[in-house]
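Q: Spelled out, the chains give:
There are 2 protein chains.
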Amino acid sequence: MKFVIIGGDAAGMSAASRAKRTDPDMDVVVLEQTHDVSYSACGMPYNIADPQRDMEKLVVRKAEVFIEKNKINLLTGHRVTAIDRAAKKISGITIEGDPFVFDYDKLFIATGAAPVIHDLPGFDLPQVMVLKSLEDGKRIKEYIIQKNIKKAVIIGMGYIALEMCEAFEKRGVKISMVKPGPVFLPWLFSDLADVVYEELIHMGVDIHSGHSVQKIEPLGNGVQVICENLTLEADLVLAAFGVKPCSGMAKNAGLDLGMSGSIAVDKYLQTSDKDIFAAGDCADAYHVVTDSKCWIPLALRANRAGWAVADNVCGTRTCLQGVAGTSVFKVFSLEVARSGLNFKEALDAGFDPVENTVKTRSRAHGQPCSTPIHINMVADKKTGRLLGTQMLGKEGVVHRINAVAVALQCKMTVEDFSQTDLAYAPPFGPVWDPLLTAANQLIKKI
Amino acid sequence: MKFVIIGGDAAGMSAASRAKRTDPDMDVVVLEQTHDVSYSACGMPYNIADPQRDMEKLVVRKAEVFIEKNKINLLTGHRVTAIDRAAKKISGITIEGDPFVFDYDKLFIATGAAPVIHDLPGFDLPQVMVLKSLEDGKRIKEYIIQKNIKKAVIIGMGYIALEMCEAFEKRGVKISMVKPGPVFLPWLFSDLADVVYEELIHMGVDIHSGHSVQKIEPLGNGVQVICENLTLEADLVLAAFGVKPCSGMAKNAGLDLGMSGSIAVDKYLQTSDKDIFAAGDCADAYHVVTDSKCWIPLALRANRAGWAVADNVCGTRTCLQGVAGTSVFKVFSLEVARSGLNFKEALDAGFDPVENTVKTRSRAHGQPCSTPIHINMVADKKTGRLLGTQMLGKEGVVHRINAVAVALQCKMTVEDFSQTDLAYAPPFGPVWDPLLTAANQLIKKI
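So the protein lines, in turn, are chains C and A. The numbering used here puts the first sequence at residues 118 to 563. The numbering used here puts the second sequence at residues 118 to 563.
Next comes chain C alone, as it looks inside the complex:
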């Protein structure tokens, strides 16, 4: 059995390691276009924030370990360019320019996602960067140190943009954020988005929603970002427009694509070709709330799906349940979390949604240092089902959302959720957990 994996990040390396553990005799080949495998990409903003911390600390396991210890035929600097499904071969070119070809019995496409780059003038200037690979992270970090950066412009207001605000601020860099859309965080309920907005303003971040970027021009040692009705000067520009699935090769090979151009897979991670699997940020998934396909690129799913692919390749038929789109991030002193659908997503998915927002507190009555927790909860009026929750606060938010993630997986009603026996101790929350208060209030609207 020859098992070839394209991409040596979360999904790819999880699959390779698990396949070799299950079947040490299997011929497992991983082709990775960069030189870095198995590192904590999500940790980069926090690492960049601290000049004393080596970027290499984010590397969980070096390529040599996979090769020597796990006996995986891991080839870095190998960029796969085409899949020949009829011949069951993949071909590509190394970083040194040498072509290569591998045949496979089972192929796993784990090519991930890539930053969206707009084809606008000036985006190729050296001061304009993206944050995706470890190389990107190193480049930004070194640039901040070497060029004594004072001003940065972040284009986009997604998770990476928000997390990088904190990193830049910690390095004494003044930040401006800009994006074309008029609404600051459109996916977040407005009252909650306002709290994030205030936090950013409080930390000295300039926010410019509703200005599309037209071009970037050199200006002295830096650049100027020229937007509609706005020009921003910067020593460094972070282009954080979001990511898109790396599915071009799959498309060229005639595989079915799914949501947002990601590779369509079934619950066994199989593509439209039974010998080709796809998983991680390049593939779609079922959503536990809608039971429909979605594309929500997140690290846990990539790792989990990598394991499942390995199991399926090794002969243990393994079905993956859906994702709930649980995501959390930190922006300065705030924790922000969501799981499931927001009101608009619920409406679009055909539910009859009803939502409610509560402001509760992080600790019990009489406890010092209690801070507000804001929760927006969405349910289906017809069935009473819990559809999603967003919450934020200065403490006790990120791990609480997990209770919602489990409830969504179980398709619980808000009524049933309101009866769960959640934890209580004065330093950690009120008797009625904030999520229970949110559920109790939402029930009244159902």
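Note that these hints are calculated values from the structure, not bench results. It is possible that some hints are incorrect.
It does not matter which identical chain is meant; a pair holds if it fits inside one copy or across any two.
Below, in silico cross-link-like pairs of lysine-lysine (PhoX-like), each with a Cα-Cα straight-line distance of 25 Å or less [to be verified]:
{"id": "1", "residue 1": "Lys179", "residue 2": "Lys511"}
{"id": "2", "residue 1": "Lys264", "residue 2": "Lys174"}
{"id": "3", "residue 1": "Lys511", "residue 2": "Lys447"}
{"id": "4", "residue 1": "Lys174", "residue 2": "Lys511"}
{"id": "5", "residue 1": "Lys384", "residue 2": "Lys528"}
{"id": "6", "residue 1": "Lys206", "residue 2": "Lys391"}
{"id": "7", "residue 1": "Lys476", "residue 2": "Lys186"}
{"id": "8", "residue 1": "Lys368", "residue 2": "Lys206"}
{"id": "9", "residue 1": "Lys188", "residue 2": "Lys561"}
{"id": "10", "residue 1": "Lys562", "residue 2": "Lys528"}
{"id": "11", "residue 1": "Lys267", "residue 2": "Lys384"}
{"id": "12", "residue 1": "Lys561", "residue 2": "Lys186"}
{"id": "13", "residue 1": "Lys249", "residue 2": "Lys179"}
{"id": "14", "residue 1": "Lys384", "residue 2": "Lys561"}
{"id": "15", "residue 1": "Lys179", "residue 2": "Lys291"}
{"id": "16", "residue 1": "Lys476", "residue 2": "Lys174"}
{"id": "17", "residue 1": "Lys476", "residue 2": "Lys179"}
Got chain C sorted already, so can you dock chain A onto it with the hints?
A: Here is chain A on its own, set in the frame of chain C:
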């Protein structure tokens, strides 16, 4: 409709307020033997720890507010002593010695639990205290200040005992703990109990398991606690043997008793007399894991059950689901949490239990300040069902247990739980949440 409530704490006042909100014309009488209603009893150890914080800050709502604003006929200093079910009357005596009688249409017994006090010589000495009522808390706090306490002995090693360790330590009081049982925290998996033990030792607490207390004798201004093979000197003794349900009056009235001598109620909180409800620490409950009766006195349940009693009295038939026994506490720098059954409880309940313990970490690879998280997880080998989880660590423990509480309510299998879409961000956890790692490992044993 005359609705009489015995006991003005969590369950009683929740019921009274809700009944008046639902039916403002209802004649709601609450008879409370102390002068304090609606205060955060669980907050007392944390308040005692801080001499600057007024104990009154724990009072959520004063009696006058319930009387004037909520129009509840709340009578403090009224101790009910008997229930005449045939005549539908209760009788008692005020703190001033005046007898009283009230008739009822519906009666709610919310008498709570009382500290277990052993009938041993010296337990009536003024240096020997319990911590249950707000008066108890004030007495301990004042005593520490006025008598310049240097040494305390805590008898018992339950939640209150452990939380009071931290309070005493913060006040510069040297602590010895003693109890008759040989095992330090028998309900906690031994590896986890060892971590708590080490934390206490590290903070200078002397722990003496396996010494039954025989008597307490005066010694100078303090006392000596005379145990089997051990004598401990103290300026103050906290008797924290645990609590027992206050069900004597119910028993005398011929109502059925349930687990641990608590008042037996159905899922509607009805006792064996259809006109008498009971809830809170004095009553039993169904356990979501076993579907059998249990007695687990906890604050959330008392509040929730109080509401349900009010709804049932007001005509909205309301059924309560069970409890999972979710409880969390803080002991110095450690957070300890549990939900569901431990291995022994699972065995006793007739399951075929299997358990596994993992040590993971609180933050992602490469993040500083990551600390260990220990998790013991129990499943049923026959069905694969998750039966319970215990966990501890220095951060990220208490709110994580809520995911388990929800899973137990849904009677989830460990396999399904292992597929839940839990949150990930580097400052808050590894990609594989500690609970997922625990589940993934436990699956291998099922």
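Q: The structure should be examined with respect to each hint, and the outcome stated for every one.
A: Going down the list of hints, with the structure as the test:
For a Cα distance limit of 25 Å, the shortest separation of Lys179 from Lys511 qualifies neither inside one copy, at 36 Å, nor across copies, at 30 Å. Taking identical chains as interchangeable, the C-alpha atoms of Lys264 and Lys174 lie at most 25 Å apart only when both belong to the same chain, with a minimum of 23 Å there against 53 Å between chains. Taking the shortest alpha-carbon separations for Lys511 and Lys447, both the intra-copy value of 9 Å and the inter-copy value of 19 Å come in at or below 25 Å. Taking the shortest alpha-carbon separations for Lys174 and Lys511, only the inter-copy value of 22 Å comes in at or below 25 Å, while the best intra-copy value is 27 Å.
For the identical chains of this complex, Lys384 and Lys528 are neighbours both inside a copy (18 Å) and across copies (23 Å), given an alpha-carbon limit of 25 Å. For the homomeric pair Lys206 and Lys391, the shortest alpha-carbon distance inside one copy (15 Å) is at most 25 Å, but the shortest distance between copies (76 Å) is not. Proximity of Lys476 to Lys186 under the C-alpha cut-off of 25 Å is restricted to the inter-copy arrangement: shortest distance 23 Å between copies versus 52 Å within a copy. Taking the shortest Cα distances, Lys368 and Lys206 sit within 25 Å of each other inside one copy (16 Å), while across copies they are farther apart (80 Å).
For a Cα distance limit of 25 Å, the shortest separation of Lys188 from Lys561 across copies, 24 Å, qualifies, whereas the shortest one inside one copy, 59 Å, does not. With identical chains, the CA atoms of Lys562 and Lys528 are at most 25 Å apart within one copy only, with a shortest distance of 19 Å there and 27 Å across copies. When the C-alpha separation of Lys267 and Lys384 is checked against a cutoff of 25 Å, the pair qualifies neither within a copy, at 48 Å, nor between copies, at 64 Å. Taking CA atoms no more than 25 Å apart as the test, Lys561 paired with Lys186 passes between copies only; the shortest distance there is 23 Å, against 58 Å inside one copy.
Within a single copy, Lys249 and Lys179 get their C-alpha atoms as close as 18 Å, which meets the 25 Å cut-off; across copies the closest is 56 Å, which misses it. For a Cα distance limit of 25 Å, the shortest separation of Lys384 from Lys561 across copies, 22 Å, qualifies, whereas the shortest one inside one copy, 36 Å, does not. Taking the shortest alpha-carbon separations for Lys179 and Lys291, neither the intra-copy value of 35 Å nor the inter-copy value of 50 Å comes in at or below 25 Å. When the C-alpha separation of Lys476 and Lys174 is checked against a cutoff of 25 Å, the pair qualifies only between copies, where the shortest distance is 21 Å, while the shortest distance within a copy is 39 Å.
In this homomeric assembly, Lys476 and Lys179 come within 25 Å of each other (Cα to Cα) only across copies, at 23 Å, whereas the closest approach inside a single copy is 46 Å.
In this structure, the earlier hints numbered 1, 11, 15 are contradicted, and the remaining ones agree with it.
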